[in-house]
Amino acid sequence: MIKDSSYKKHIPTVILAIILIIYPFASGNNYHINVMTLVGLYTMIVVGLNLLMGYAGQISLGHAGFFGIGAYCSGLLNVKMGLPPWISAIIAIIFTAGIAYFIGIPTLKLKGHYLAMATLGFGEVVHVILSKMDWLTDNPDGLADIKPFGLFGIKFDSSFVMGQYFMAWIIAVAILVISMNITNSRVGRAFKAIHGSETAASSMGVNIAKYKVQVFVLSAVYAAVAGCLYAHFRQFIAPSIFQLHTSITLVTMVVIGGQGNIWGAVLGTVLLTWLPEWLTVAEEYDIMFYGILLMVVMIFMPDGLVGRLTTLFHRLWSRFSPRTQAEENG
Amino acid sequence: MQFPTFQQLIQHIIYGITVGGIYALVAMGFTIIYNATDVINFAQGGFVMLGAMIMVSLNTTLNLPMPLAFFLSILIVTAIGIIFERAAINPVKNASVITLIIITVGASIFFSGIALPIWGQDPIYAKPFSSGDPVSFLGAKISLQQLWVLGITAVIVVAVQLFYKYTIIGKAMRATAINRTAARLMGINVRLMVLCSFALSAAVGAGAGMAIAPVAHASYDMGSMLGLKGFCAAVLGGLGNGVGAVVGGFTIGIIERLAIGFAPLGYSGYKDAVAFIILLVILFLKPSGLFGTSQK
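So the sequence lines, in the order shown, correspond to chains A and B.
Read in our numbering, the first sequence has 284 at position 180, and its numbers run on one by one without any break.
Read in our numbering, the second sequence has 106 at position 80, and its numbers run on one by one without any break.
So here's chain B without its partners, still in its complex pose:
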């Protein structure tokens, strides 16, 4: 056991919150689709990767200003999400859990299979959103991009909540999530709501990818690990629970970082196991997650 100083502890927690925000967004993406369709979308990491890569390409290759590249990238990935739903999810009716899992896994392989020839194997450099010195906080340093990650996470989380609460489509999507048959009887076009949930989920995923790209390595396979960790976060919070997904994301991010901080030297490589051990513990003790009610 090594004991980090207070300053190091704060530094680890800040890192944890940054990564946790990304996990939270990925977990939200899982939740949005799961609520509408009962599908666990293993291609969620693909949206994250595509968001990051497309933004970097628009910004560096086409020389578009960063904000424009950011919003264009969201639009493109949202369109990809819509096409994915129309092409691969919509035609399958009454499929078993395992069939749907394999379809979404196939999509995730497809996304990285497209990204590999386009962007190559090596990570590409993503410019930070703004340049400047890191900010000091309780003796720890926060880079500006970390602040951007937190800000973008907060904006997306709040925006999605407002969308669900105050727009008619958001309300219809919530109704669909609660009871599909009842929603249909109320005249809600359930199939359209499924499509909307894929679009929204893809947009949220792309946002996560773009925010993290300058901090982490943006590469064709960046989505797979982020996707799996976000998936653990979604289960920890209670599958299908939006608030739970966000809390689960931050919890896993912080615990993972603290595990690195406290691990004896040479053991920090086990950090990738932390999220999955949390996943197993929560499934064995309380499968409905921290915030979940009983399974639906």
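Next comes chain A alone, as it looks inside the complex:
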């Protein structure tokens, strides 16, 4: 990444913030705003996964598990023990971080396929446990009656669409900014070194095991934050969302946007969250088209959209810029 002058690097963030502020007023459709709130939650997880995959070069097919642990933990503490949502959310995030730490130590010793499988196995075990929670939730379908967040007497329940939207996106943008700062820090450079070559990084004195577990825990914390918000926004959670399908969708969001590019992560999340909504025009064939699109995008743009758009932009730029054209001809 080129070192920009300090104000220049904030431009994309400011543009994103402006779009996000305008969107709900321009849209005016509560359903669409709710979808964008979900995009905000997924953005948190995808930014964390992007750090893990694109910067540290590790794969996780189990992040829906952390999403689910965060949601169920906060929801259960709230419903069963009567803790206020803010407190239960903080405990849930710390709890998820602890689990990620203990899972991360043995898991991150594995590489490539084996890492993918171990995280997949973890995610499925979490899913099975959450599916059999009825002894605790007293409800075979999921956990109901979760209290919404409250702030200065205002309840952020499902009728307060705007409130949920802005709460989700303020936290999501905060996570984006924190993550960008991390990638430009000493730790971020260590991640990139690990991605480049683990052997080289370790011989340069980078403590690989420590950094890998750190980024893994951080990405799990982001997922837990999203999980807590999801639980208290929806006020009802069912296990079906916290499974492999979601984990893979999250990974796909990272890859489609472009690994190692935080803005790509946002783009990938927006596209893949809206895609099922757009595909409803295909009626019963929506799942089939979803599968085809995944394959086509991966076959033709394995570097993701942002990478592909950048090359396209450069190609167009060189075509219309007479100087470089002359150089090519000469």
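A hint or two may mislead.
The calculated lysine to any residue pairs, modelled on SDA-like cross-linking and capped at a C-alpha distance of 25 Å, are [claimed, not checked]:
id, chain 1, residue 1, chain 2, residue 2
1, B, K119, A, S301
2, B, K119, A, K251
3, A, K236, B, V123
4, B, K119, A, G411
5, B, K312, A, L348
6, A, K113, A, H299
7, B, K119, B, K191
8, B, K119, A, G216
9, A, K213, B, V123
10, A, K184, B, S245
11, A, K215, B, I140
12, A, K236, B, H243
13, A, K296, A, A278
14, A, K213, B, V307
15, A, K314, A, I286
16, B, K297, A, S235
17, B, K297, B, Q34
18, A, K113, A, T287
19, B, K312, A, T303
20, B, K297, A, G246
21, B, K312, B, P290
22, A, K251, A, F270
Listed below are several chain A residues computed to face chain B (Cβ distance under 8 Å; list not exhaustive) [as the list claims (entries may be wrong)]:
id, residue
23, D245
24, V265
25, M266
No lab work stands behind these hints, which were simulated from the structure alone.
From the three backbone atoms N, C-alpha and C, an ideal C-beta is built for every residue, glycine too.
The hints should help you fit chain B onto chain A, whose structure is shown.
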């Protein structure tokens, strides 16, 4: 803890062996493709589902006799495997692990996305291969279809081993699996071998699906869980090891069934976690699996 009687124990083991045979076949499918390409084919469950659904449709809708439906279905799914390789795997060169995983996941979503409008959401009834009373064995009952599952598993496992050992294509596929560059230098068309491995894997998967269809519920999403369990079995046996895949399949099938048998009442719902816990334990302790040598 509940303690099953000896008879129940035998019954559980027999069920375990039946399901284990299917896991073994799915695991073999994973192994065949992994050896040729280093791809973990998440669409393997799709082949299993397509095999079952196509056979049932040929048998009940077109009224074809069962054996004909069985072999036609294998042929159709093999063709699907070949098309899948040509369309989605062959064009991608030097792709990363994660790109290939997403492509095969996309294919598996595509397969169930096609099956859903064709066969609907509810399980379809699959006729057993032969009608008759269950056989008694040590006080336990074995249905004829369970015997069919075991028989088909045995035939497929032996046939694939013979194919690898005695045919020229099989030998070339083994050579490709051991060392791709060396195989190419020996004049083996490696790309063709990759294609063959997808065809073979699809055929094995279809066989598994057809055998299990009358025992389990044949539906558009039957492939996903079978695929994942077979995947655990392949890792348990040592990814890329054919014999290991078969042993891994039976092991997971039997342990899973015994876990149901011994679980306290109300806890048998956790059975789906068993295979994945085995997967995690083996990955943490010995990632190369029971029969694996060092990672290649």
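For this structure, which hints from the list above don't hold up?
When the structure is compared with the hints, numbers 2, 3, 7, 10, 11, 21, 23, 24 and 25 turn out to be violated.
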